[in-house]
Amino acid sequence: MDNILVIAQIFDGQVKKSTNSAVTFASRVGSFIGGSYSIMALGDDLSGQTPHLSRLGAQRVILAEAPGLDQALAERWVPIIEQVVRKGSYKVVVSPSSSTGKDVLPRLAQHLEAGMASDVMDVSYEGDKLNYVRPMYAGNLNSTVQIPTEVEVVTVRQTEFDPFEAVAQESPVEMIEVPPPPEVLERIEFNDFEKSISERPDLPDAQVVVSGGRGLKSGENFKIIEELAELFGGAVGATRAAVDAGFIHNDFQVGQTGKIVAPELYIAVGLSGALQHVAGMKSSKVIVAINKDEEAPIFQVADYGIVADLFKAVPELIEEVKKLM
Amino acid sequence: MKIIVPMKRVPDPDNVDKVKISSDGKRVSSEGLDWKPNPFDEYAVEAALRLVKDSGTDKTTGEVIVASIGPEEATHQVRWCLAMGADRGILVLGDDHELDASVVARALKKLVEKESPDLVLMGKQAVDGDSNQTAQILAGMLGWPQATFAGRIETPADLSRATVTREVDGGCATVTVKFPAVISVDVRIVTPQAVNNNMIPPDKLNRDGPRYASLTGIMKAKKKPMDRYTLEDLGVDTTQRVKTISFSQPPARSGGVILDTVGELVQRLKEEARVL
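As given, the protein sequences belong to chains A and B, one line each in that order. For the first sequence, our numbering gives the first residue as 2, with consecutive numbering after it. For the second sequence, our numbering gives the first residue as 39, with consecutive numbering after it.
The set of hints was computed from the structure by calculation and includes no laboratory data. Just so you know, not all the hints are guaranteed correct.
Okay, derived cross-link-like pairs now, DSSO-like style, lysine-lysine, Cα gap no bigger than 30 Å in a straight line [as the list claims (entries may be wrong)]:
1. B/K147 x A/K92
2. A/K323 x B/K308
3. B/K308 x A/K313
4. B/K281 x B/K58
5. B/K152 x B/K260
6. A/K286 x B/K308
7. A/K88 x B/K147
8. B/K308 x A/K324
9. B/K216 x A/K196
10. B/K262 x B/K40
11. B/K64 x A/K130
12. B/K58 x A/K130
13. B/K260 x B/K147
14. A/K88 x B/K281
15. A/K286 x B/K56
16. A/K293 x B/K308
17. A/K286 x B/K58
18. A/K92 x B/K64
19. B/K281 x A/K92
20. B/K308 x A/K224
21. A/K218 x A/K323
22. B/K56 x B/K281
23. B/K308 x A/K18
24. A/K130 x B/K281
25. B/K56 x A/K293
26. B/K261 x B/K97
27. B/K258 x B/K148
Next comes chain A alone, as it looks inside the complex:
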């Protein structure tokens, strides 16, 4: 019986890898409580995403298609998901802690009178209860929480759950009847979406992340960060200070309230290592810091440090890495 519901994350026509991470979480929960998971997706037309979704080992793939659902308005999505959860008697509802997940799931939890754990990093099972581990205080503490309500709502941190590998067996796909928009939709209107431009992989998916801080001094100078990232096929990140200074779009912010990353290699350039930034990258496997200030706190979390002017060290690094390729 399927008692866990995964809400898929779709962006720009793609099922995001974070969906596969949420599926890994769901299959683990299923092995604890006994049962299986289904995957639900909402959008205008999901025919392009169905092949991906149907190979994630789900009991069922549930599709809700209607014009405007791509906008992912919480006011529109919540009653649709709520209906599916109630009809299917789902016990656990999970989505990646993407901006959509963070926006929609608390409102959903309220509709279901359910408790919710945000940004879950680990799950275990003890005495008939699921224990969720989640970060607090910018990742300086973890708390273990239980949700005593009938339905448990969770968002999961992508970097802590390996993405579920596609299976050969296809799940049955079911199209549901979408209820009409609720009254509150008369009071919210979606205007537009301005996509941030990046040719590189998404920050949470990247194997290598090169981040720049205020030390870059200008948006123009971020070119050397991009060039280095490009060499590795990696992603570009930034500190809040660099975003606030207008050097780069907010979508690139790594930190407590920005993107959380855990790549194989994280290169921190011209950034001091503020607590809220470190919160977003300290799970990286190897951390390199380049900063001219030897007192910068980033050196306390870095595996390798170079105390130098970034405008000299980074071009040198680019040359050295090129030699290896």
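Assemble chain B onto chain A, guided by the hints.
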């Protein structure tokens, strides 16, 4: 126009690495740390003031109420926000360990029923719990539209609605909400010209960051009204929907080595760390 800004007091965010866990792992202690308004809530206060106050002429087109749910000591942080320019305060007494996002949202709902604001404007998350839920839960409870993670807010001069630029994965989404509504703010809401009410000339709004309380602001704040309630007074159901079992310290990273040359770095990354 009436705006309620919910505000939580949190241990000094610049020193959160000094927050300690009790030996039984059941409690968190922030002894020795200063308490501050949650930064995102402080940004919401700033945004609310930019929406309805003209600091140049003292002209006001609305009322800003700062509401906190916390212990008696949270009075200080409410007063701080009043010193920034908010009109009055509300303190609902409650201990952190008896609150979760749903209890806080229920208390806020009672205040909304009492005050009938046009807008609840709040931080997207408190930097201690990092849950990022209360605004969305409250909007769901009230059946109001929600615009989360606001980096920009623009209203027409009649303040009937807001066009909100939301900072989301992959870019910026813009929505228009009709009041009453709940808006949660991200950090960029305090950049110059992030708030535009099409009334106060933008050059007067052209400041960066939340304003500091002036000396006269602090003096005035002492005389501003502050209502006090208990959760019981308000008839708030205090059933928690999330139970904290214990706290633990995540594995700490130990600092590594400082290398002399970029050549050595590349060699180490290749041979020792094996990431190249």
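So, going through the hints one by one against the coordinates:
Note on B/K147 and A/K92: the hinted pairing holds, with a Cα-Cα distance of about 27 Å set against a maximum of 30 Å. Our distance criterion of 30 Å between C-alpha atoms is met by A/K323 and B/K308, whose separation comes to about 13 Å. For the given pair, B/K308 sits about 21 Å from A/K313 by alpha-carbon distance, which is consistent with the 30 Å threshold. With a C-alpha separation of about 19 Å, the suggested pair B/K281 and B/K58 falls inside the 30 Å cut-off, and the hint holds.
Proximity of B/K152 to B/K260 is assessed by CA-CA distance (about 24 Å); at most 30 Å being required, the pair is judged to hold. Pair hint A/K286 plus B/K308 holds up; C-alpha atoms about 14 Å apart against a cutoff of 30 Å. Simply put, A/K88 and B/K147 have alpha-carbon atoms about 29 Å apart, close enough for the 30 Å limit, and the pair holds. Taking the CA atoms of B/K308 and A/K324, the gap is near 12 Å; set against the 30 Å cutoff, the hint holds.
For a cut-off of 30 Å, the pair hint linking B/K216 to A/K196 stands: about 25 Å separates their Cα positions. Restraint check: the Cα-Cα separation between B/K262 and B/K40 comes to about 16 Å, which is no more than 30 Å; the hinted pair holds. Our distance criterion of 30 Å between C-alpha atoms is met by B/K64 and A/K130, whose separation comes to about 18 Å. For the suggested pair B/K58 and A/K130, the alpha carbons sit about 27 Å apart, so the restraint of at most 30 Å is met.
Between B/K260 and B/K147 the CA atoms are separated by roughly 27 Å; this keeps the pair inside 30 Å, and the hint holds. Of the pairs offered as hints, the one joining A/K88 and B/K281 holds, with about 27 Å between alpha carbons and a cut-off of 30 Å not exceeded. Of the pairs offered as hints, the one joining A/K286 and B/K56 holds, with about 24 Å between alpha carbons and a cut-off of 30 Å not exceeded. Simply put, A/K293 and B/K308 have alpha-carbon atoms about 23 Å apart, close enough for the 30 Å limit, and the pair holds.
In summary, the hint linking A/K286 to B/K58 is supported, as the alpha carbons are separated by about 26 Å, within the 30 Å threshold. Annotation: proposed proximity of A/K92 to B/K64 holds, straight-line Cα distance about 27 Å (limit 30 Å). For the proposed pair B/K281 and A/K92, the alpha carbon gap of about 17 Å is at most 30 Å, so the pair holds. Distance check on the hinted pair: B/K308 and A/K224 sit about 25 Å apart at the alpha-carbon level, within 30 Å; holds.
A C-alpha spacing of about 25 Å is found between A/K218 and A/K323, which places the hinted pair at or below 30 Å, so the restraint holds. For the suggested pair B/K56 and B/K281, the alpha carbons sit about 24 Å apart, so the restraint of at most 30 Å is met. Simply put, B/K308 and A/K18 have alpha-carbon atoms about 28 Å apart, close enough for the 30 Å limit, and the pair holds. The suggested pairing of A/K130 with B/K281 holds, with an alpha-carbon distance near 11 Å, which does not exceed 30 Å.
Using a Cα cut-off of 30 Å, the hinted pair B/K56 and A/K293 holds, with the two alpha carbons roughly 26 Å apart. Our distance criterion of 30 Å between C-alpha atoms is met by B/K261 and B/K97, whose separation comes to about 20 Å. Restraint check: the Cα-Cα separation between B/K258 and B/K148 comes to about 28 Å, which is no more than 30 Å; the hinted pair holds.
The structure agrees with every numbered hint stated previously.
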